[in-house]
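**Q** Sequence:
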Amino acid sequence: MYGVSLSSVKRWCNQYDGTWQSLLPKSHRPHSHPNRHTKREERQIRNSFKKCYERYGWDGVYSDLKRKGYTRSYSGMIYAAKRMGLVKYKKTKKKSRKHRRYPELLIPGEKVQIDVKEVPYNCLRGKALRDGKHFINGLQ
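In full-length UniProt numbering, the protein residues as written are 1 to 140.
Derived from the structure by calculation, the hints contain no laboratory data.
Where hints are given, some of them may not hold.
Lysine to any residue pairs mimicking SDA-like chemistry, simulated, CA-CA at most 20 Å apart [what the hints assert, rightly or not]: (1) LYS68 - TYR56; (2) LYS82 - GLN44; (3) LYS51 - ARG40.
Because the structure is a prediction, the values reported are computed rather than measured.
Build out the structure end to end from the sequences listed, making use of the hints.
**A** Structure, rendered in structure tokens:
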């Protein structure tokens with residue numbers, strides 16, 4: 001076969017049992033894990049969650065479990081509780097913003113703001129002192 005490695009052809013020949021379904025790709029997902037929480041530990045997590053979560057949060061649940069002889073990590077306990085469906089997080093929905101236009105400016109310079117400040121005579125320097133101007137204009 002062109003474009004296929006020899007090892008793939010040999011693997012397909014070993015898998016083939018007379019039906020084309022035997023050549024379909026199969027899942028590689030493990031069905032169990034040796035370090036998974038036991039049924040007893042899951043029951044302990046469920047009971048402690050019901051008893052302590054409302055008032056003390058995750059820290060209270062974990063300390064209650066530690067008192068009962070729980071040996072797993074804090075993050076492992078939270079992961080197991082979420083997997084069991086004990087926590088149902090609600091996604092906060094963002095408020096939609098209304099599209100509003102700014103009011104149309106009818107007069108040129110309508111949004112210009114001018115500040116005027118009087119400066120004491122003894123604070124004047126240079127050109128302002130020579131011209132005798134006591135006011136300074138500032139545009140914003």
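**Q** Where does the structure disagree with the numbered hints, that is, which hint numbers, in rising order?
**A** none
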